Amino acid sequence: MGRFKTALKYSDITPKADFLNRRQLMTGAAGMTVAGGIAGGLATPAAAALDAAKSKWSTTQEPTSYEDITSYNNFYEFGTGKGDPAQYAHALTTDPWSVEIGGLVNNPGNYALEDILKDMTLEERIYRFRCVEAWSMVVPWVGFQLSDLIAKADPQGNAKYVAFETLLRPEEMHGQKNGSFPWPYVEGLRLDEAMHPLTLMATGLYDEPLPNQNGAPLRLVVPWKYGFKSIKSIVKITLTEKEPPATWNLINAREYGFYSNVNPNVSHPRWSQASHRVIGSGLFASKEPTEMFNGYGDAVAGLYDGMDLSKYY
Amino acid sequence: MSVSQSVNAAARKLPAWPLYPILLFPGLWLFWTVLQNPGPNPVESLEHGLGEYALKLLVLGLLVTPLRDLGGVNLIKYRRAIGLMAFFYVCAHLLVYLVLDNQFWWDALIKDITKRPYIIVGVLAFLILIPLAVTSNNLSIRKLGPKRWRQIHYGAYLAVILGAAHFVMLKKTWQTEPLVYLAIALILVAYRIPKLIR
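Residue numbers (the working numbering), protein chains in the order written: chain A, 1 to 313; chain B, 1 to 198.
Hints listed in this document are in silico derivations from the structure and should not be mistaken for laboratory results. The structure displayed is predicted, hence computed values, not measured ones. Among the hints, erroneous ones may be present.
[Claimed, not checked] Distance condition first, Cα-Cα at most 20 Å in a straight line; then the derived EDC-like pairs of lysine to aspartate or glutamate:
1. B:K172 <-> A:E255
2. A:K82 <-> A:E67
3. A:K236 <-> A:E100
4. B:K171 <-> B:D69
5. A:K82 <-> B:E52
6. A:K118 <-> A:D148
7. B:K172 <-> B:E47
8. B:K172 <-> A:E133
9. B:K171 <-> A:E133
10. B:K111 <-> A:E133
11. A:K54 <-> A:D95
12. A:K236 <-> A:E67
13. B:K172 <-> A:E100
14. A:K82 <-> A:E100
15. B:K111 <-> A:E255
16. A:K82 <-> B:E177
17. A:K82 <-> B:D69
18. A:K82 <-> B:E47
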């Protein structure tokens, strides 16, 4: 597809300090990978529906069952109960799907999802997922790095944030008829967070296309932040100079900060974040202690150097 | 014979004691289902399920008087069983929270109980219900006298409101189901206010 320019002018879009910082992060991340003993070259014999390549960023932890990942969801567009998305999300039409990429980019446009995917490399990324409600899963996502997509869009030098928006289609997403919620759902990242290699745009899980209840056909996955940052069913990506709005932050800024990095030291006003329940672990399992940045600190802590994370929670 | 008359006639014949096993059954069934089919988050299923049974029974207990006043249906002899079983479900709910949810992780528990408003409200409701449960017997009524006994049991009004508020506060947004419970609780308590003032 010719609408994207392929040349990435990284120096144009990232402040030099952040750029250098990212290099350090990469080094740190490589260390983490070795420590984790992750085998990047092992291919599984099973036929892969999406043929996603393995990734050094994957955890070796045992993934949560497909059934649990696809039946215990927060996706208020389909209702507020954990089982509502699995029950109602089938009503959502995900094909055709297009994503409007705009704002401070040199290649704005409304791109068909299949055109976007043509240029992207799908990888399997097995990530820990930590919900702000103090539960966790391990999810074998399939997706591409958001950095690749942003590079194609070619950000302008003054772009500092990335804003995301979920589809607004109340006739298919019945939860959107609930007027007390400011639809459509929006989220945002700082550009350096968005460009981080851990930041994924997921199109599948368990080597299959994403089920609707998990945010089909395209969702964000930021494994070191609370799950609500990982916005689902994305139709719009906008590069901005100012910090974009984020839905839960708009609803209750005291409980949900813009950053919302997983942080056991900053309690949610209504529950502790020091530990979490592991989904699928059964009735008698203990909670697990929560790690800073959900255990991705080696890779991402540098993004927040010098920031007071109890203030910018 | 009107509906209320036939209900009253039936109530005269049917004893109250079978209500204890009958009201225990949904809790046992829930526990059994969660053991058989834990699902993604069995602790939450059990904890929330037991809490909701407690709230339902508290509301049911407060329905007895208006039913008699407004509908002529007298179910007063069943109220003790309903109230005690409500307290049983509150205890079971609390026990699941302490043992299965927090596994006696005392630091976290103490922080929860002292810092998290919805936990504080829930614990308050539990504390208020203790003297009610303890005095839910004929001996206590005799010893305390009807007036004093009734005063103690006004605590149920506060407990049901706190219980419903606990449910509302636990949700991240204003949600219909807990708000309906709170509305019902408030109506049932408001119904008593003119009598209390008199």
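Hint by hint, here is what the structure shows:
At most 20 Å may separate the alpha-carbon atoms for a hinted pair to count; B:K172 and A:E255 meet this at roughly 9 Å. With a C-alpha separation of about 13 Å, the suggested pair A:K82 and A:E67 falls inside the 20 Å cut-off, and the hint holds. For the suggested pair A:K236 and A:E100, the alpha carbons sit about 5 Å apart, so the restraint of at most 20 Å is met. Among the hinted pairs, B:K171 with B:D69 is inconsistent with the structure: their alpha-carbon atoms are about 35 Å apart, more than 20 Å.
In summary, the hint linking A:K82 to B:E52 is supported, as the alpha carbons are separated by about 16 Å, within the 20 Å threshold. A distance of roughly 12 Å separates the Cα atoms of A:K118 and A:D148; the hinted pair therefore holds under the 20 Å criterion. Between B:K172 and B:E47 the CA atoms are separated by roughly 17 Å; this keeps the pair inside 20 Å, and the hint holds. As the CA atoms of B:K172 and A:E133 are separated by approximately 9 Å, the hinted pair is consistent with the 20 Å bound.
For the hint linking B:K171 to A:E133, the alpha-carbon distance of about 10 Å falls within 20 Å, and the restraint holds. Simply put, B:K111 and A:E133 have alpha-carbon atoms about 16 Å apart, close enough for the 20 Å limit, and the pair holds. For the given pair, A:K54 sits about 27 Å from A:D95 by alpha-carbon distance, which is inconsistent with the 20 Å threshold. Our distance criterion of 20 Å between C-alpha atoms is broken by A:K236 and A:E67, whose separation comes to about 29 Å.
Annotation: proposed proximity of B:K172 to A:E100 is violated, straight-line Cα distance about 30 Å (limit 20 Å). Distance check on the hinted pair: A:K82 and A:E100 sit about 29 Å apart at the alpha-carbon level, beyond 20 Å; violated. Simply put, B:K111 and A:E255 have alpha-carbon atoms about 17 Å apart, close enough for the 20 Å limit, and the pair holds. Distance check on the hinted pair: A:K82 and B:E177 sit about 14 Å apart at the alpha-carbon level, within 20 Å; holds.
With a C-alpha separation of about 40 Å, the suggested pairing of A:K82 with B:D69 is violated against the 20 Å cut-off. Distance restraint check for A:K82 and B:E47: the Cα-Cα separation of roughly 15 Å lies within the 20 Å cut-off, and the hinted pair is therefore satisfied.
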